[in-house]
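S.K.: Those protein sequence lines, which keep their order, are chains A and B.
What the first sequence shows, in the working numbering, is residues 23 to 334, in sequence order.
What the second sequence shows, in the working numbering, is residues 23 to 334, in sequence order.
Any given hint might turn out to be false.
Pairs of lysine-lysine residues, derived as DSS-like cross-links and limited to a Cα-Cα distance of at most 30 Å, are as follows [said to hold, decoys possible]:
#1 A:K269 / A:K108
#2 B:K155 / B:K66
#3 B:K89 / B:K108
#4 A:K108 / A:K89
#5 B:K297 / A:K108
#6 B:K155 / B:K108
#7 A:K297 / B:K108
#8 A:K66 / A:K89
#9 A:K155 / B:K297
#10 B:K66 / B:K115
#11 B:K297 / A:K269
#12 A:K297 / B:K66
#13 B:K155 / A:K297
#14 A:K155 / A:K66
#15 A:K297 / B:K269
#16 B:K155 / A:K155
#17 A:K115 / A:K89
#18 A:K66 / B:K297
#19 B:K269 / B:K108
#20 A:K66 / A:K108
#21 A:K155 / A:K108
#22 B:K155 / B:K269
#23 A:K66 / A:K115
#24 A:K155 / A:K269
Chain B stretches covered by chain A per the calculated footprint, using a threshold of three residues with CB under 8 Å from any CB of chain A [what the hints assert, rightly or not]:
#25 148 to 154
#26 202 to 216
#27 219 to 230
#28 240 to 248
#29 271 to 283
#30 295 to 302
#31 306 to 314
In case anyone wonders, no lab produced these hints; they're calculated from the structure.
Cβ coordinates follow ideal geometry from the N, Cα and C atoms, glycine included.
Protein chains: 2
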Amino acid sequence: MAGPEPLFDKIALIGIGLIGSSLARVVRRDNLARHIAIATRSEKTLARARELGLGDSYTTDAAQAAKDADLVIVSVPVGSSGDVAKEIAPVLKPGAIVTDVGSTKRSVIAQMAPHMPAGVHFIPGHPLAGTEKSGPDAGFADLFENRWCIFTPLPGTDPAALERLSEFWRRCGSNIDTMDPDHHDKVLAIVSHLPHIIAYNIVGTANDLEAVTQSEVIKYSASGFRDFTRLAASDPTMWRDVCLHNKDAILEMLARFSEDLASLQRAIRWGDGDKLFDLFTHTRAVRRSIIEAGQEIDVPDFGRQAIEHPRK
Amino acid sequence: MAGPEPLFDKIALIGIGLIGSSLARVVRRDNLARHIAIATRSEKTLARARELGLGDSYTTDAAQAAKDADLVIVSVPVGSSGDVAKEIAPVLKPGAIVTDVGSTKRSVIAQMAPHMPAGVHFIPGHPLAGTEKSGPDAGFADLFENRWCIFTPLPGTDPAALERLSEFWRRCGSNIDTMDPDHHDKVLAIVSHLPHIIAYNIVGTANDLEAVTQSEVIKYSASGFRDFTRLAASDPTMWRDVCLHNKDAILEMLARFSEDLASLQRAIRWGDGDKLFDLFTHTRAVRRSIIEAGQEIDVPDFGRQAIEHPRK
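Work out the full structure: start from the sequences and follow the hints.
M.R.: Structure follows, in structure tokens:
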């Protein structure tokens, strides 16, 4: 029953939150590396990773984990990628692949690329996977299953290194795409950053009303509001950094959103039922496409009912 | 094994969409009435209700269903409640209870109350339950389980009739609240109407971009966007009518939302990380409260992962 050979001798996971710990679990389960080195700055998080048995070695020193590693995966809030790059740069072994999982790519490249020594393959990456939970307990081996992982390779990237990293992510369950970093940042601004910002905002608005109490918002949340609270429960440090590091694309998408909302608001004010009906019909088709693309389950109410009432 | 006596001899369900057909199913399952009369204007929907065996009699004539009924439940888009009230008024039997399930209450009262004959108990109601699906196939008997049903009784409402209707909804699984119709409309504007409008809007914005293709939005939607597509797949007629019939409260909440969004946008533009972090931390607590209140399942990602990977 011996599976395929491990792809790497030593993998270093810098950061062991939701993404890092999911990687640790799938690497272990599917034998993708002989040694998993785990580094995180927080003593507490490191102790928890050790308790969970996520790796083979544990350290608060990123450089120690990265030393001799064939693959280094940086899974930290994007605002910290520059510091990590600086720390690990001196010990990176020639031929090593360094990648990241950050939700913004132009900023990560600007922070990390200047530190990367010649002979090291720096390939920026972004697995589009996650939940609203964070920390080493939140990860699971199936997180990347049937999700997309986007690479934004720099000019002159070694095709063999890119293929090796792609094979790693495919073995984690992902589909692979590559694109230009600026395009990535625009795409993510609309499919991920704007939705999170809007969700944070509406939950904030509901929290601040005088006419409707907080307890009413909570009691009656099943009528729509609760859907937004999932994204708005995401990791605050990660999302603060995303906002600060993809500012231009986010502001562009926010301007579009607000323009469209003003137009919708006007249709409500003037009772333009046809315009409302047209928009509400059009958007219904988008969900069907997402379900057909295998990126959403085909179960009403996200499957909540199926979980609450399993006998049906 | 005889259960409790049926609460009513004859129930008339005017409208047999998601809500009406869920009522039909729970009334049948739990023996809440001796006869279920179903009326809907659409021949096609009526034929489907008959195929599904949802009732005991079927008609496209609301008055015929309402004749001799002890309880009439109007489950139509709120813009049609006036027409239905006018149609059924002449045949209503003295002592009958008439209620509705509409998402706006002030407008429904204005449309229906003037038609109600003396001796009939008109008690406006709103079960806060639903999914993004619509039509008679979408209903299920557990829909109202542990959800709130809000009554907005008019001055002088007979307490015995209100209690009888409350008992009916409790037997359907609901918790009961009563409030003033204006307050209901404000509460629903923030917990339900604004979330739907925002969801429709963001899906519309994503649909109209030039820089990001439609197929990219769909492929990468699991990174946040897909959460919004559920609400934005809701019934267009129902939601057009909600927007037209709760205009004042919706415009008030939209103004709040836009004001907060402008402030958040400014924080992004000027790199105010502390402000972003504070908001993003605060909103996280709201979801915890909703889970504690039993209005959301305590499973990451709405349980999608549990459904996709059931072995875990």
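S.K.: Verify the proposed pairing of K269 (chain B) with K108 (chain B), using a straight-line Cα cut of 30 Å.
M.R.: Cα-Cα ~24 Å, so holds.
S.K.: Taking 30 Å as the top limit, are the C-alpha atoms of K155 (chain A) and K66 (chain A) close enough?
M.R.: holds (17 Å)
S.K.: For the segment 202 to 216 of chain B, do three or more residues have a beta carbon lying closer than 8 Å to a beta carbon of chain A?
M.R.: Coverage by chain A holds for the segment 202 to 216 of chain B (9 residues, Cβ < 8 Å).
S.K.: For the pair supplied as a hint, K297 (chain A) and K66 (chain B), is the alpha-carbon distance within the 30 Å limit?
M.R.: The hint holds at about 26 Å.
S.K.: Checking one constraint from the list: CA of K155 (chain B) to CA of K297 (chain A), max 30 Å. Satisfied?
M.R.: holds (21 Å)
S.K.: Keeping to a limit of 30 Å between CA atoms, is the pair of K155 (chain A) and K108 (chain A) held or broken?
M.R.: holds (29 Å)
S.K.: Under the criterion that the straight-line Cα-Cα distance not exceed 30 Å, is the pair K108 (chain A), K89 (chain A) satisfied?
M.R.: holds (13 Å)
S.K.: Just to be careful, I want the Cα atoms of K155 (chain B) and K155 (chain A) compared with a cutoff of 30 Å; is the pair within it?
M.R.: holds (28 Å)
S.K.: Does K297 (chain B) sit within 30 Å of K66 (chain A), going by the straight-line distance between their CA atoms?
M.R.: OK: K66 (chain A) and K297 (chain B) at ~26 Å, within 30 Å.
S.K.: Need the status of pair K269 (chain A), K108 (chain A): alpha-carbon distance at most 30 Å?
M.R.: holds (24 Å)
S.K.: Does the alpha-carbon distance linking K66 (chain A) and K115 (chain A) stay inside the 30 Å limit?
M.R.: holds (29 Å)
S.K.: Sort out whether K269 (chain A) lies within 30 Å of K297 (chain B), counting only the CA atoms.
M.R.: Distance ~15 Å between K297 (chain B) and K269 (chain A) Cα, so the pair holds.
Violated hints for the displayed structure: none, as all numbered hints are satisfied.
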